[in-house]
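Student: Letter by letter, the chains look like this.
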Amino acid sequence: MRILVLLEQRLGRLKASALEALTIAAQLSNKQEANVAGLIIGEGISGLAAECKDYGASKIFCCDAREFAHYQVLNYSAALSAAIREFSPDCVLGMASPLGRDLFARVAARLDAGLLSDLIAVDHEPQQGFLGGKKPLYAGKVIATLRFQGDGLKMATLRPNVFPPQQSPGAATLVPFNCAVPASGLKVREVKKGQSTTLDLTEASRIISGGRALGSKENFSILFDCAKVLHATVGASRAAVDSGYASHDMQVGQTGKTVNPSLYIACGISGSIQHMAGMRTAKTIVAVNTDVEAPIVAIADYTIVGDLFKVVPLLEKRLAEY
Amino acid sequence: MKIVVLVKQTADTEATIVLGEGGKAIVQSNLKFIINPYDEYAIEEALLVKQAHPEAEIVAISFAKPSAKETLLKALAMGVDRGLVIDDSGLENLDSLGTAKILTAAIKAENADLVFCGKAGIDDDNMHVGVMAAELLSWPHVNVLIKLQVQGKTAIAEREVENGEIEVYEISLPAVFGAHKALNNPRYASLPGIMKAKKKPLEVKTPGDFGLKSEQLLSNSRVFIAHYELPPKKAPGKIFKDEPLEVMVDKVVTLLRSEAKVI
Numbered sequence: 001m002r003i004l005v006l007l008e009q010r011l012g013r014l015k016a017s018a019l020e021a022l023t024i025a026a027q028l029s030n031k032q033e034a035n036v037a038g039l040i041i042g043e044g045i046s047g048l049a050a051e052c053k054d055y056g057a058s059k060i061f062c063c064d065a066r067e068f069a070h071y072q073v074l075n076y077s078a079a080l081s082a083a084i085r086e087f088s089p090d091c092v093l094g095m096a097s098p099l100g101r102d103l104f105a106r107v108a109a110r111l112d113a114g115l116l117s118d119l120i121a122v123d124h125e126p127q128q129g130f131l132g133g134k135k136p137l138y139a140g141k142v143i144a145t146l147r148f149q150g151d152g153l154k155m156a157t158l159r160p161n162v163f164p165p166q167q168s169p170g171a172a173t174l175v176p177f178n179c180a181v182p183a184s185g186l187k188v189r190e191v192k193k194g195q196s197t198t199l200d201l202t203e204a205s206r207i208i209s210g211g212r213a214l215g216s217k218e219n220f221s222i223l224f225d226c227a228k229v230l231h232a233t234v235g236a237s238r239a240a241v242d243s244g245y246a247s248h249d250m251q252v253g254q255t256g257k258t259v260n261p262s263l264y265i266a267c268g269i270s271g272s273i274q275h276m277a278g279m280r281t282a283k284t285i286v287a288v289n290t291d292v293e294a295p296i297v298a299i300a301d302y303t304i305v306g307d308l309f310k311v312v313p314l315l316e317k318r319l320a321e322y
Numbered sequence: 323m324k325i326v327v328l329v330k331q332t333a334d335t336e337a338t339i340v341l342g343e344g345g346k347a348i349v350q351s352n353l354k355f356i357i358n359p360y361d362e363y364a365i366e367e368a369l370l371v372k373q374a375h376p377e378a379e380i381v382a383i384s385f386a387k388p389s390a391k392e393t394l395l396k397a398l399a400m401g402v403d404r405g406l407v408i409d410d411s412g413l414e415n416l417d418s419l420g421t422a423k424i425l426t427a428a429i430k431a432e433n434a435d436l437v438f439c440g441k442a443g444i445d446d447d448n449m450h451v452g453v454m455a456a457e458l459l460s461w462p463h464v465n466v467l468i469k470l471q472v473q474g475k476t477a478i479a480e481r482e483v484e485n486g487e488i489e490v491y492e493i494s495l496p497a498v499f500g501a502h503k504a505l506n507n508p509r510y511a512s513l514p515g516i517m518k519a520k521k522k523p524l525e526v527k528t529p530g531d532f533g534l535k536s537e538q539l540l541s542n543s544r545v546f547i548a549h550y551e552l553p554p555k556k557a558p559g560k561i562f563k564d565e566p567l568e569v570m571v572d573k574v575v576t577l578l579r580s581e582a583k584v585i
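Protein chains in written order, with my numbering: chain A, 1 to 322; chain B, 323 to 585.
Bear in mind the hints are in silico, worked out from the structure with no lab data behind them. Think of the CB as a built atom: it goes at the ideal place given N, C-alpha and C, for glycine as much as any other residue. Please note that a few of the clues may not be correct.
Computed beta-carbon distance windows for the label pairs [stated by the list, open to error]:
hint, chain 1, residue 1, chain 2, residue 2, range
1, B, 549, A, 11, 34 to 42 Å
2, A, 321, B, 555, 32 to 40 Å
3, A, 290, B, 553, 26 to 34 Å
4, B, 414, A, 183, 35 to 43 Å
5, A, 215, B, 518, 41 to 49 Å
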């Protein structure tokens with residue numbers, strides 16, 4: 001089975017999740033490296049190929065041109081479609097990032113391909129190849145097993161932080177790849193920079209989140225201080241966002257982001273269904289709450305019953321000792 | 323100007339999900355249905371565009387059971403002019419690309435200038451149909467839209483990505499826009515709005531009315547759900563209370579290192 005993997009970069013940095021997708025591709029191809037190729041799209045990104053050459057791909061297509069400096073779905077769709085024509089894979093893998101989810105839906109419609117998004121498990125058999133996978137539905141209340149059918153192209157995006165990257169023997173060669181972009185009615189005017197220098201919530205392996213109990217935007221600083229020591233990203237509940245204590249892009253939950261960290265510390269968050277929809281798959285959950293009856297306690301691995309304004313600074317102090 | 327809003331009927335967020343025998347299906351009979359929450363932002367944005375273009379007509383289209391008329395009534399009560407349900411009977415297992423093909427046929431039949439939808443359905447959370455419809459229409463799209471200014475035949479559209487970054491696009495119309503939460507504040511239906519809604523046109527059609535054959539759609543469907551299961555129940559966690567805070571914090575941090583191995 002031949003697999004093409006979109007290796008996502010942002011702002012000239014390869015995303016850690018690119019290696020997760022390559023690792024799954026190597027497993028799906030039964031470690032036959034000739035059957036796995038990577039594709040990097042961007043400007044001035046050819047150097048990034050070196051970072052992923054030891055993960056089981058035989059070649060890495062580098063689509064390196066000015067038109068690809070910023071993500072623009074129609075240009076990136078042209079590049080991904082061209083690489084698919086060039087390599088003629090049976091399946092195309094990417095990550096369920098904002099870019100991956102947008103791009104894969106567009107290209108799947110263009111190529112009449114089957115598309116599975118945000119998989120948390122991948123199923124394959126040596127004979128039949130890539131069968132499909134699992135994904136949470138209804139805010140994580142159900143896990144569905146999805147299957148491809150027919151012999152069309154199979155496309156899938158994988159949830160970041162689920163599949164640990166693993167090196168495979170063999171070194172990929174870099175293949176410069178050119179692709180014309182179509183004239184289109186979509187132009188990138190600018191990309192407004194975010195405030196944050198930490199990893200995005202969707203990719204963070206540690207998150208500390210605050211709820212309405214924080215009481216004000218200023219009070220969120222205790223979470224930011226603790227996050228600095230923990231190398232964590234700060235999140236918020238919908239209640240905190242709606243109260244104006246945190247910006248919308250910090251929201252974890254159903255109308256915010258779905259996160260999958262190894263550690264999630266929920267401070268003053270009671271745990272509404274909407275919030276838990278976004279974080280219940282975190283590997284380890286810590287709740288800091290004055291109310292032992294709060295729903296979050298039922299899914300937390302560790303709960304500290306106490307005032308978050310006292311607990312969080314103690315946590316920061318104790319974590320700093322490591 | 324004709325504006326189409328794609329509306330999905332989803333199970334209420336608070337709904338308890340019950341699986342049918344053998345995990346082959348989700349029991350529908352006990353579910354309460356609502357307008358997919360993101361679609362409410364799409365409806366509101368269409369209404370805001372109409373405020374600036376009073377001659378515009380807004381049509382809400384749903385691919386669902388005829389009973390979804392009940393759900394579309396809420397859209398009509400908010401101010402949408404007309405509703406259309408495309409009956410999905412026999413096509414419940416169609417994949418998202420098949421759904422996009424049907425909705426695209428309806429959008430073409432309406433001769434729409436603008437299409438709004440929610441950025442994703444809260445049930446399957448796929449983010450597929452709006453983007454796929456844009457591709458099938460050969461229109462540009464911006465999904466995860468947080469700000470829109472329509473200026474004649476073009477628009478300035480902002481898309482939220484990650485780390486608080488925002489991509490700002492100049493996009494020519496017609497186009498598809500997928501609404502995110504920060505886009506606007508959906509209005510509540512007023513009492514007169516609810517009364518008026520009952521008199522607004524609300525039709526049910528079939529894919530066949532748009533020249534599409536169910537058998538062909540099904541045979542081109544590329545993915546399906548084979549099985550449902552409930553997530554494994556987590557073992558109860560450890561609760562620390564009634565001890566000095568320093569002691570509890572120390573215990574948890576020690577466990578995070580020795581037991582959970584996450585720090």
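Student: Hints first: check each against the structure and report whether it holds.
Tutor: For each hint, the structure was consulted:
no. : hint                      : verdict
1   : 549/B / 11/A: 34 to 42 Å  : holds, 40 Å
2   : 321/A / 555/B: 32 to 40 Å : holds, 35 Å
3   : 290/A / 553/B: 26 to 34 Å : holds, 28 Å
4   : 414/B / 183/A: 35 to 43 Å : holds, 40 Å
5   : 215/A / 518/B: 41 to 49 Å : holds, 42 Å
Of the numbered hints given earlier, the model fails none.
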